[in-house]
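**Q** Single-letter residue listing:
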Amino acid sequence: MWDGPLEKIDDYRWRIPKSYKPGMRVDGIIYADEKLLQDTRHDKACEQVANVAFLPGIVNASLAMPDIHWGYGFPIGGVAAMDIDKGGVVSPGGVGYDINCGVRLLRTDLEVDDVTPRIKDLVTALFQTVPAGVGSEGMIRADAKDERQIMLRGAAWAVEQGYGSEADLEATEERGAIAGADPDVVSERALKRGKAQSGTLGSGNHFLEVQVIDQLFDQGLADAFDLRLGQVTVMIHSGSRGFGYQICDDSLEDMKRCLTKYQINVPDTQLACAPVTSPEGKNYLAAMRAAANYAWNNRQCLMHLTRTAFERVFGASWQKLGMRLIYDVAHNIAKIEKHVVDGRERTLCVHRKGATRAFGPGHPDLPEAYRATGQPVIIPGDMGRNSYLLAGTQRAMEETFGTTCHGAGRVKSRHSAHSSLSFHDLMKELTAKGIVLMAANRGKVIEEAPQVYKDVNDVVRVVHEAGIARRVCRMRPLGVMKG
Amino acid sequence: MGKFTFVPHTADVAVRVEGASLKDLFATAAKAMFTVLVTKKANRPVADLSELKVEKTGDTLEDVLKAWLDELLFEFQGNGRMLHRIKSLSVDENAVSACVLVCAFDRASYDFNDEIKAVTYHGLKVEKGRRGWQTTLVFDV
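If you're matching them up, the sequences are chains A and B in order.
Okay, so the first sequence: first residue is 1 according to my numbering, each after it adds one.
Okay, so the second sequence: first residue is 1 according to my numbering, each after it adds one.
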């Protein structure tokens with residue numbers, strides 16, 4: 001139980017004053033309501049918010065979203081922006097091991113009544129088509145030359161192989177490839193761990209879901225996104241697999257040495273960091289971007305396989321089924337962005353670890369189609385409750401460097417999931433809700449049961465009420481595929 | 001042989017490891033890690049045995065322990081080869097030197113369990129107590 005100070009700013013924001021710990025450069029600010037705040041006190045996540053405030057160059061505050069929970073160095077749900085011109089640092093702990101873990105959402109022209117009678121066939125087809133689970137290998141092959149292209153050009157590589165269309169790239173953050181990746185700084189080990197993993201879902205909390213829109217919150221935005229009640233959507237959650245894990249681990253070794261080299265004082269080794277402009281900082285960012293591009297390519301390949309499974313079950317092309325990508329967002333990444341701080345535009349290194357970019361209407365980085373609406377923000381929940389589509393806001397630009405939450409946030413350990421829940425009960429619960437589940441490792445599914453997560457409805461309500469994203473619509477799962 | 005026990009952790013897998021000596025602690029930590037990674041389901045002849053030499057150094061004992069486990073984790077996830085037996089192992093404050101037998105991962109003998117993303121530094125401290133050495137490992141899964 002964490003019993004440090006949390007001062008109420010308003011109904012949805014709480015401050016950890018910088019006086020809490022000598023060494024904090026700014027306050028910590030947590031977005032939560034009273035109920036979620038109680039969950040947050042159960043582990044050391046608040047202490048981690050305070051620890052992040054030690055990092056050189058941090059501006060405004062060390063932020064945390066309402067899905068905050070314990071992570072390595074940074075909490076999951078942590079957001080911090082460092083001013084590059086003022087010695088701002090980049091920290092691999094502010095991105096996490098699964099670099100560019102993220103989510104994409106596809107719309108379809110299918111209605112719930114088209115899918116429900118065939119949901120078992122559909123989930124089975126997805127399970128047969130999309131490799132998932134620990135140790136699974138992808139059917140999409142890439143040789144050494146291709147791997148280099150994937151690191152540099154991300155999802156564009158997949159599109160060139162015929163795994164999607166140009167419009168998919170337009171609907172992907174950074175068009176599916178962030179500039180500045182350098183394959184030459186990526187270790188042989190990372191390449192080896194990532195080999196044959198393109199187009200694989202992975203394990204843990206990664207998933208593929210067939211969903212139906214069960215609630216509309218904003219008719220205007222839903223119309224703009226071409227979405228309606230009862231419409232079937234597909235959500236894909238995955239990241240950079242072993243490739244990204246190894247890049248993070250490699251960089252931690254380098255960054256640990258930087259703490260002495262650049263005389264940086266942090267209270268936790270997992271916050272190891274280096275100035276963005278230092279050779280070590282540049283190397284990390286170049287390798288991290290290669291992993292980010294790998295992840296965008298991975299999700300593009302996963303979407304291609306998903307479309308193939310739908311084509312088989314419904315006997316029509318994905319274009320005929322209206323399977324258009326709404327958007328793809330990263331939720332573990334560090335990016336160089338321009339934001340206004342104290343009335344002046346500054347160049348910042350924005351860390352989002354378990355947090356989603358949520359740029360407001362008019363932002364020049366958004367594709368033309370979303371310039372007026374604000375960026376689509378995709379928030380997955382758990383396998384038994386809901387997921388959401390939101391839109392970015394101007395208030396997020398002003399308060400959180402254009403950022404909002406990324407999911408529900410874990411509250412129960414895997415250990416306690418196994419001791420308090422049963423697979424049989426979980427299946428009964430899902431069946432009663434009409435949800436079909438298939439998993440590569442049935443024994444592990446219990447670790448992802450709805451009960452181990454905060455209620456995503458509560459989390460999303462907080463970001464909506466706080467104004468750092470706007471609810472567009474809510475989905476509920478029909479079919480779930482887990483690694 | 002030392003012992004290990006799993007301890008609750010909100011997001012990941014944590015294991016408390018104890019050993020009579022440093023060597024015992026390192027060997028038990030490796031065994032604990034492979035318990036997280038795989039579950040044995042059948043006794044079959046071991047396939048394709050080979051020797052792996054591990055020579056790693058570090059500024060602290062914690063660095064050395066992490067480097068040791070990192071080598072074995074990479075051997076498994078990068079090369080598909082799992083720890084079979086430790087032939088020799090010596091450890092001091094700043095180095096580990098070992099010769100281990102590794103074998104091809106055989107899906108007929110083992111099931112995959114958790115995918116370990118990394119051995120983390122979180123709270124990593126190797127300590128000497130009255131009954132020997134102990135540490136708690138947190139694996140990001």
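Hints in this document: simulated from the structure, not taken from any laboratory.
None of the values given here were measured: they were computed from a predicted structure.
The reader is advised that the hints may include incorrect statements.
[What the hints assert, rightly or not] 30 Å max Cα-Cα, derived DSS-like pairs, lysine-lysine:
1) B/Lys128 - A/Lys428
2) A/Lys18 - A/Lys261
3) B/Lys23 - A/Lys256
4) A/Lys256 - B/Lys125
[Claimed, not checked] Each pair of labels, with its calculated beta carbon distance range:
5) B/Leu101 - A/Phe217: 29 to 35 Å
6) B/Lys31 - A/Arg118: 44 to 50 Å
7) B/Pro8 - A/Met139: 37 to 43 Å
We put the beta carbon where it would ideally sit given N, CA and C, even for glycine.
**Q** Would you mind marking each hint as holding or not holding in the structure?
**A** To see whether the hints hold, each was checked on the structure:
1. B/Lys128 - A/Lys428: Outside the cut-off at roughly 48 Å; violated.
2. A/Lys18 - A/Lys261: 26 Å, holds
3. B/Lys23 - A/Lys256: 26 Å, holds
4. A/Lys256 - B/Lys125: Distance of about 16 Å is within 30 Å: holds.
5. B/Leu101 - A/Phe217: 29 to 35 Å: Given a distance of about 60 Å, which is not inside 29 to 35 Å, the answer is violated.
6. B/Lys31 - A/Arg118: 44 to 50 Å: 47 Å, holds
7. B/Pro8 - A/Met139: 37 to 43 Å: 38 Å, holds
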